[in-house]
Structures are given as structure tokens and as C-alpha cells.
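J.: Letter by letter, the chains look like this.
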Amino acid sequence: MLIAKVIGTTVATIKDQKLEGRKLLICREADETGKATGKPYVAVDTVDAGVGDLVLTAHGSSGRQTYLTKDAPVDAVIMAVIDSLQVDGEVVFRKS
Amino acid sequence: MLIAKVIGTTVATIKDQKLEGRKLLICREADETGKATGKPYVAVDTVDAGVGDLVLTAHGSSGRQTYLTKDAPVDAVIMAVIDSLQVDGEVVFRKS
Amino acid sequence: MLIAKVIGTTVATIKDQKLEGRKLLICREADETGKATGKPYVAVDTVDAGVGDLVLTAHGSSGRQTYLTKDAPVDAVIMAVIDSLQVDGEVVFRKS
Amino acid sequence: MLIAKVIGTTVATIKDQKLEGRKLLICREADETGKATGKPYVAVDTVDAGVGDLVLTAHGSSGRQTYLTKDAPVDAVIMAVIDSLQVDGEVVFRKS
Amino acid sequence: MLIAKVIGTTVATIKDQKLEGRKLLICREADETGKATGKPYVAVDTVDAGVGDLVLTAHGSSGRQTYLTKDAPVDAVIMAVIDSLQVDGEVVFRKS
Numbered sequence: 001m002l003i004a005k006v007i008g009t010t011v012a013t014i015k016d017q018k019l020e021g022r023k024l025l026i027c028r029e030a031d032e033t034g035k036a037t038g039k040p041y042v043a044v045d046t047v048d049a050g051v052g053d054l055v056l057t058a059h060g061s062s063g064r065q066t067y068l069t070k071d072a073p074v075d076a077v078i079m080a081v082i083d084s085l086q087v088d089g090e091v092v093f094r095k096s
Numbered sequence: 097m098l099i100a101k102v103i104g105t106t107v108a109t110i111k112d113q114k115l116e117g118r119k120l121l122i123c124r125e126a127d128e129t130g131k132a133t134g135k136p137y138v139a140v141d142t143v144d145a146g147v148g149d150l151v152l153t154a155h156g157s158s159g160r161q162t163y164l165t166k167d168a169p170v171d172a173v174i175m176a177v178i179d180s181l182q183v184d185g186e187v188v189f190r191k192s
Numbered sequence: 193m194l195i196a197k198v199i200g201t202t203v204a205t206i207k208d209q210k211l212e213g214r215k216l217l218i219c220r221e222a223d224e225t226g227k228a229t230g231k232p233y234v235a236v237d238t239v240d241a242g243v244g245d246l247v248l249t250a251h252g253s254s255g256r257q258t259y260l261t262k263d264a265p266v267d268a269v270i271m272a273v274i275d276s277l278q279v280d281g282e283v284v285f286r287k288s
Numbered sequence: 289m290l291i292a293k294v295i296g297t298t299v300a301t302i303k304d305q306k307l308e309g310r311k312l313l314i315c316r317e318a319d320e321t322g323k324a325t326g327k328p329y330v331a332v333d334t335v336d337a338g339v340g341d342l343v344l345t346a347h348g349s350s351g352r353q354t355y356l357t358k359d360a361p362v363d364a365v366i367m368a369v370i371d372s373l374q375v376d377g378e379v380v381f382r383k384s
Numbered sequence: 385m386l387i388a389k390v391i392g393t394t395v396a397t398i399k400d401q402k403l404e405g406r407k408l409l410i411c412r413e414a415d416e417t418g419k420a421t422g423k424p425y426v427a428v429d430t431v432d433a434g435v436g437d438l439v440l441t442a443h444g445s446s447g448r449q450t451y452l453t454k455d456a457p458v459d460a461v462i463m464a465v466i467d468s469l470q471v472d473g474e475v476v477f478r479k480s
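If you read the protein sequences in the order shown, they are chains A, B, C, D and E. Counting in the working numbering, the first sequence runs from 1 upward without gaps. Counting in the working numbering, the second sequence runs from 97 upward without gaps. Counting in the working numbering, the third sequence runs from 193 upward without gaps. Counting in the working numbering, the fourth sequence runs from 289 upward without gaps. Counting in the working numbering, the fifth sequence runs from 385 upward without gaps.
Excised from the complex, chain A in its bound form:
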């Protein structure tokens, strides 16, 4: 999974019907301290995440292993909200 920061939202009226009612959040890949430095991508939210949250995203067919994304043309899903990250014994991120 990737550590990612939720940075925005997407509105799309014309879309595959299996995406109806799904929340499409813009994420940016983050490093192991939670700093968003990587590429942006869009993931379906399944854990009520919001802009500013640090999350985990699962990709590829693994993105379809949730109730909300089953059999949908979806290749990225937010499946966890990160509370804290600890690297080499030190807390480097804690959700505020």
C-alpha cells in the first residue's frame, strides 16, 4: 500500500454506473513521515476519509476488494486512515 495525503476532491457527472455515489478523492503519494511529495492520483474512499488525512491506498485488483468497489472499474481505494507512523523507534507522524 502507499502512504498518501488526501489533497482534494473530484466531481464527475458522466461516469461508469458502478461509480455512482462513490467519493473520488485526489491523493498525493507521501513519504514515510507523511510528507506529500509524490504523484497525484484519484482513489475511491471507503473509510470516510477527508481532505488533509493521511491514508493508506491499495492499488490494482486489490482496489476492488471492498464492498464499495467490487467489480467496478476502480484501481485505487482508500482502505485505512493513518493514526501514526513510527520509523526506527521514533514517532514521525501523529494525526492531529
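Don't take every hint at face value.
[Unchecked claim] Once the Cα atoms are required to be at most 25 angstroms apart in a straight line, the calculated BS3-like pairs of lysine-lysine come out as:
1) 35/A x 311/D
2) 306/D x 454/E
3) 262/C x 210/C
4) 23/A x 191/B
5) 262/C x 479/E
6) 39/A x 231/C
7) 70/A x 114/B
8) 114/B x 39/A
9) 383/D x 423/E
10) 311/D x 383/D
11) 383/D x 402/E
12) 23/A x 35/A
13) 191/B x 131/B
14) 210/C x 479/E
15) 210/C x 135/B
16) 327/D x 95/A
17) 210/C x 407/E
18) 262/C x 358/D
Treat the hints as calculated values from the structure; they're not laboratory data. None of these values were measured; they are calculated from a predicted model.
Please arrange chains B, C, D and E on chain A, whose structure you already have, making use of the hints.
T.: Positioned in the frame of chain A, the structure of chains B, C, D and E alone reads:
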């Protein structure tokens, strides 16, 4: 999913029969403001997208989860047309 | 799918039995004008492509969605020969 | 599979229910001598790995081929702890 | 598939039981002339390859389409040993 701009079209007479009648659009990866700065790739259109549209594309086996691409040798599909993108509370893209 | 140029051929006597009789072509990723500038990889040909052709390749499990690659340890397949590419209303590549 | 060093841990209270009880470790891609120089990502531990261990991780749908990750929205799994690496006939890493 | 050079071996006592008895070889991505210039990764050998061989590797779910890797948490497999590579009509690699 990737945010992408549709930049062109592909014509291919000789192709796998499951691609017959499919629209093959050239997309270029875009950033979170809709600016096309990344790599080009070809995706099957399933939402009547056109050149100039900002779209979402799903990849890998997720690209086969639509009626038009089921069981086809297709690894990228346009499954949404983006109306607007909002980043950090600000609208950064709106379809004209 | 990736736009790719077929640049060569591979000979491999010792191989998985499901690859017997398959044509393994060396491809190089190309940009949206057909210029081969990217990384090389090997794909199974399913459309009688030849060296010099500009083709489309499908990757991952999508590479196994053809009669010739079904259930084989194959992750890239040539599934179309490109006749022409049009970008922003202009023909940028035409098969000679 | 990727050679990776386990560098930390992730705590996430809100997560997909199939992740309940799973250990989410932060890994960093390593080179063939075990030096962690690449990108960080999070993988589910299935072999009782710990911070500092050099491990192998499997990705994509292959990350779901373990008892602990079956059908879960998980795209990376630690499936081996590396004892030693030998390159060109020389031992370049040995677990201490 | 990727062209890769086998550069080493991996020993891992603690591993998923489906990996018991499997040979885990360190590969390095090579270019179309067989020169190993890319990233290292570990693949399961299914064709009795050895260090120094130039091989083809299949990735993702395609890495599980062999008798030795079926249903295993394995995302890369060596499925061919390359005898020769020909680019633009010229032999650029021949197994010695």
C-alpha cells in the same frame, strides 16, 4: 485512477477481435490541476469522451470491469469525465 | 495500452511450455507521435506484427486475454498494429 | 518480489474490516546488497518480520495469496525474511 | 516481459509455505542488448536458470501461471532463458 487529458486518437485496422468497434484514445497523464505533463498511453473510451476532455482512467485488470472491455486484452479504460477538481478547498479545474 | 515500436526478436529454447510457438518481440515504448524513446520489453505477438511496426501492447493480466496467451506466464501482448495516430487534430503518424 | 528493509510501523484504527489484526509495516525498497535506497511503502506482515529485517515483498494480486491477506484490499505482503544474499558468487548480505 | 540478467541468489528460511523448495534468484533489468542496467528484483526460477544467464521474467498475476508458482505469493517468475536477441536485423546478444 489517473487524471488524464485526452489528446488524440488511434486508428488500428489489425487488432484483437475483442477490440472491434472500440474507441482508442491517446491520453496524457495530468497533475491535480488538470495540466497534462506526464506520459502518453492509450485507453478504451467507455463514457463518450473526446479530445480535450479531462478524464479518469482505470488500469490493469480494473480496465476490464466495464461492459465494453470485459475479457478483452485492454489494460486502460476511460471511466469518467471530470467536471471539476478541487484542491485544498479551491477549485483548480472546471470543465469549460 | 502502451504505444510501442517493435525493434527486434528474441530466441529462447528453454521456456515455459505454454510459450511454445509464440513469437516474442522486443518492443520499445514510444511517445504519442510514434517515436521510440522509452524502455524496452518483450511482448507476445498476436497480430502478426513485424520489426518496425508501431503497435499497441496490453500489460499484466490483460496480456493473457487472447487465445494465444491464455493462462500463460505472459505479462505483455501485442494486440493491435497502429495505422495512424492523430494528436490535437493533426496526423502525427501514418504507417508507411 | 522486491528486496526491502522494514523501517517502521503504521497504526490505523479506521480501516477495512479485513485488515483487523494485521500488522502493517513500513518497508523501503533495497538494492541487491540490502541497502535501503528506494521508495517507502506499507506491506502486511505474514512471517513475523520486525523493524530492521531485510525481507521480500510480493505485490499486486500476489499480495493476496496468503491466509492473512486473502480477499483483502491489500496489495503488498511480506512473505519471506532474507537470511542472506549472494551476488556474483560473493555473500553481500547476511542477517546478523 | 522484462529482459533481465540473473546476478545472484537469495536464502530465506522463514517464508510462506508455498515458497518451500523454490529457487529465488536476484535479477537485474537489462536493456535490449542484454546489458544489466536497471533495478534489481527477485524472481522464482522455473526453467533451471543460473547466475549469469539472460532471462525473461513475467510479473504480477502472470508470475503465478506456472506449475511452481500457482496460488503462491509470488509476483515475478523466470519463464525463459534467452538464447539470442536480434535488434534491427543484427544479433546483439548470443548466449555463450
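J.: Between the alpha carbons of residue 311/D and residue 383/D, is the straight-line distance 25 angstroms or under?
T.: Cα-Cα ~22 angstroms, so holds.
J.: Given the proposed pairing of residue 35/A with residue 311/D, does the C-alpha separation stay at or below 25 angstroms?
T.: holds (22 angstroms)
J.: Taken at face value, is the distance from the CA of residue 131/B to the CA of residue 191/B at most 25 angstroms?
T.: holds (13 angstroms)
J.: Under the criterion that the straight-line Cα-Cα distance not exceed 25 angstroms, is the pair residue 23/A, residue 35/A satisfied?
T.: holds (23 angstroms)
J.: For the pair supplied as a hint, residue 262/C and residue 210/C, is the alpha-carbon distance within the 25 angstroms limit?
T.: At roughly 9 angstroms apart (the allowed maximum being 25 angstroms), residue 210/C and residue 262/C satisfy the hint.
J.: Against the 25 angstroms threshold, does the CA-CA distance of residue 210/C and residue 407/E hold or violate the hint?
T.: At roughly 21 angstroms apart (the allowed maximum being 25 angstroms), residue 407/E and residue 210/C satisfy the hint.
J.: CA of residue 383/D to CA of residue 402/E, is that 25 angstroms or under?
T.: holds (22 angstroms)
J.: Would the pair residue 383/D and residue 423/E pass a check requiring their Cα atoms to be no farther apart than 25 angstroms?
T.: This hinted pair holds, its Cα atoms lying about 22 angstroms apart.
J.: Within a Cα-Cα threshold of 25 angstroms, do residue 210/C and residue 479/E meet the stated pairing?
T.: Status holds; Cα separation ~22 angstroms.
J.: Hey, residue 306/D versus residue 454/E, does the alpha-carbon distance stay inside 25 angstroms?
T.: This hinted pair holds, its Cα atoms lying about 23 angstroms apart.
J.: Verify the proposed pairing of residue 23/A with residue 191/B, using a straight-line Cα cut of 25 angstroms.
T.: holds (19 angstroms)
J.: For the pair we were handed, residue 114/B and residue 39/A, check the Cα-Cα distance against 25 angstroms.
T.: violated (33 angstroms)
The earlier numbered hints that this structure contradicts are 5, 8, 15.
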